[in-house]
Amino acid sequence: MSGKNLQTRTESDLMDAPDRVREWLTELAERVLARARAGGADAAEVSLTSSLGRDVSVRLDEIDTLEEARDHGVAITVYRNRASGSASSGDLSLEALDRTVEQALAIARHTQPDPAGGLADADRMAREIDDFDLWHPKSIEMETLVDRARLIEQAGLNHDPRVDNSEGASVSFDVALGVYANSHGFVGHGRQTRFSQSCVLVAQDKDGMQRDWDWDDRCRFEALADPAATGVRAAERAVRRLGARRPPSGKWPVIYIPEVALGLVRHLVGAASGGNLYRRSSFLIDSIDSQLFPEWVSITEDPHLIGGGRSSSFDDEGVVTRPSPLIEHGRLARYVLGSYSARKLGLETTANAGGVRNLLFAPGTADFDALVRQMDRGLVVTEVMGQGVNLVTGDYSRGASGFWVENGRIAYPVEEITVAGNLRSMFAALEAAGSDIETRRNIQVPSLLIGQMTVAAQSDQSD
Amino acid sequence: MLQQATQELLEPAGLGSSELDHALAGLMRGQVDFGDLYFQRRQNEGWSLEDGIVRSGSFSIDQGVGVRAIAGTGTGFAYADAIHAEALEQAAGSARAIASAGTAGALAVKMPVSTAALYRADNPIEAADATVKVELLRTVDAFARSLDPRITQVNVSLACQHESIVVAATDGTLAGDVRPLVRLDVRVIAEQGGRRESGNAGGGGRYSLLTLLDPECWQKFAREAVREALLNLEAVDAPAGFMTVVLGPGWPGVLLHEAIGHGLEGDFHRKGISAFSGRMGERIATEYITVVDDGTLPERRGSLSIDDEGTPSQRNVLIENGRLAGLMQDKLNARAMGMQPTGNGRRESFAHLPLPRMTNTYMLPGEYSPEEIIASVEDGIYAANFKGGQVDITSGKFVFVASEAWRIQGGKLIAPIKGATLIGNGPDVLTRVGMVGNDLELDTGVGVCGKDGQGVPVGVGQPTLRIDGLTVGGTQ
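So the protein sequences, as listed, match chains X and H.
For the first sequence, our numbering gives the first residue as 391, with consecutive numbering after it.
For the second sequence, our numbering gives the first residue as 10, with consecutive numbering after it.
In short, the hints are calculated from the structure, not lab data.
The model shown is predicted, which means the values in this text are computed figures rather than measured ones.
Take these hints with a grain of salt, some might be off.
[Stated by the list, open to error] Within a straight-line C-alpha distance of at most 20 Å, the following computed DMTMM-like cross-link-like pairs (lysine to aspartate or glutamate) qualify:
1) X/K641 - H/D246
2) H/K460 - X/D445
3) H/K460 - X/E773
[Claimed, not checked] To be clear about the criterion: a stretch of chain H counts as covered by chain X if any three or more of its residues have a C-beta under 8 Å from a C-beta of chain X, and this derived list gives those stretches:
4) 278-289
5) 405-414
6) 474-481
Ideal placement from N, C-alpha and C gives every residue a C-beta, glycine not left out.
Produce the entire structure from the sequences given, and follow the hints as far as they go.
Structure representation (structure tokens):
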């Protein structure tokens, strides 16, 4: 059978007969590995993916876009005398696969031998591939998606007269299946369905326009938020920004809401990642066991979370994954390493090739309002902007918007401000975590209260 | 260009003029106002050096066809990651799903788009042997390390791209382009007394790889990265507050991209959600300010002989003598607003829809020397270089992040300060420009602009500028 026919076949099969697609991708993976060996590779690894999806967006009740996506991909890395070469393609025809192997081999003839290179150690390969309940395929017609997007947007537009414009509501799904194999004989597979909805609304008053959004993202269609709830929340969030002022400049306590606090955990992960450590581009070099956070802080990785966005039995090099703490009693329990960076650092892989899986920041007991009362006077940050995070030094300076808090209550919305500090001192200055954990992402974080940051804004008088 | 692009893309798949016409006619069979086919093939080669060795290299080929059908302002879109007649038919069938909303249109007679090529069509990947590229990285590494013993890490990366596109549309457009793109980046870490700082520099464009192989070029990048890292070792905490900010020439033009450019993209105006909506002709800057978006500069990173809808690129004036003068448009938004496309319809790839996007956005020079501008500041900061930026086009608030900055006191640069975020409001930031320098520079060719999840290469530029009031996000 020609590659072309195989490709057409997989599109309908991905939903109805995923096992057949898996077998097909596995056959292709085996072919790639055999070709690589025959071409002179000492070792090789390959990942193959096939996905399809639909995405609709509606704006002011009219259809804006109807999109159909079908994607394939292959990425190959070969090792030869400890030198490596990589090549990738979107074409899974047999001719294209063979060509891609050749290209990877050609690259490996020119790269330099690297003692840290090569596959992960054979004895670390996962033995069993578990199912984490991420596969709930459902083909949804365009019309159904459009109807749902209309419901979302209408609920938002009807919620408040100040919401008078829309950037649109979108509903989409995506079905993806992948196979990873390497020349240790390891073959692993993963598959996942994702259903998403979002809405961006614009509110207006005499002072100007503000936009905000809401969204949901689940692996089961039925688990998505009620359409009206997403629209209404987008409307509420846009309206509450109207009339934004500027807060007093100075050193103030700051609350990061969960979706912004998530960024702080991402920066922690970035600085603890092997690549940044061996490149000496991290403020966490030589920081294992150091007390980064107060004693009460715990952040745990659970690669086996049922329904978890990135759950998998193996990492991107086939290494078996295990639940393990990242921050324990406030101390950095380990780094985030794949085999390569582990070897560079003289450590062992933490099965994090490809990044962290699911991280859980242990929530506190206080709800958001209690956290605001505890802060008494300070800033709630609901959005940060820009790239002002320097992982080499930990220096942190972002644009922000949110709310000013007086007497333990939200007083007014604020914008055009900056918040600054250093990640190390911000981590150490954590005073409390809320109970309002964010469950829509693979990194789940509650609201966080930071003791003190520098807040800057033009004073309202100087306008 | 069209001929070469056709040879690379369509002929191997046995697709000729009649197959394209058939597919376009099929699109128009529904109630569709406009449709187009976008064929693309892109080869990328990358090499990177770290810790003294060229440890990785990669090669990729991506090709496919995107099919779009527009009815009213609704778009049906599908793509195939293979170029052959069957895939084309299937994608066209899916894209036509939008059809019921439009009016039956007629297929226009093909009119090949001809325009002057702004760059050479040869493949930069083939311009030099792999051994030469690997040797370049090693030479740059050794050179950067030789500049100062405090340099402890050097990363060098080289990227070459060769892209061919063909666009065929129901309005008669038939156009092709062959686009080279090369880039060299140097990143260093300097360490001293337990302190660590980084420095970055690099550049590229739609030109031959041989330009980057010239020692004058890569030595400049290496020196610049080392200088920035060493300078940052001495940097003191940045001030916090609202103050006078002098922006250096070149890449700091990212200010214009964020504060002004995005807000003048046609889609945001059609939807009425830009902070500049309904303000055409109004004064939003001091009268000696003129800002253009110009896709026609030869060999620049943001330049395009034709955009991704086949429209020849142009020099579009966005702000003329302080007044809002023009928008950047693609075909869909131009048609919906009764305007002309401006050569700004761009897409990341065949798998993405075109959007109005910037090309090279810059401010024309004024009359002051940069020395005069700095000398005029009693107390403030001088921001010489930046990372990227971001904007909320509806509220107009934008940020950009300094990577090299100085404290100015008494008209002099007194000390380097740590990088900090600057935040302002697009519609009024340019009303606060006190002086415009005579030293217009374009950036070295490193910009990537993101919008709706799509990245495209862009350029920015400006002369030295004094802004009499921006909020600086330091800690002191």
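Practice task
Enumerate the violated hints, using their earlier numbering and listing them in ascending order.
Solution key: Hints that this structure does not satisfy do not exist here, as all of them hold.
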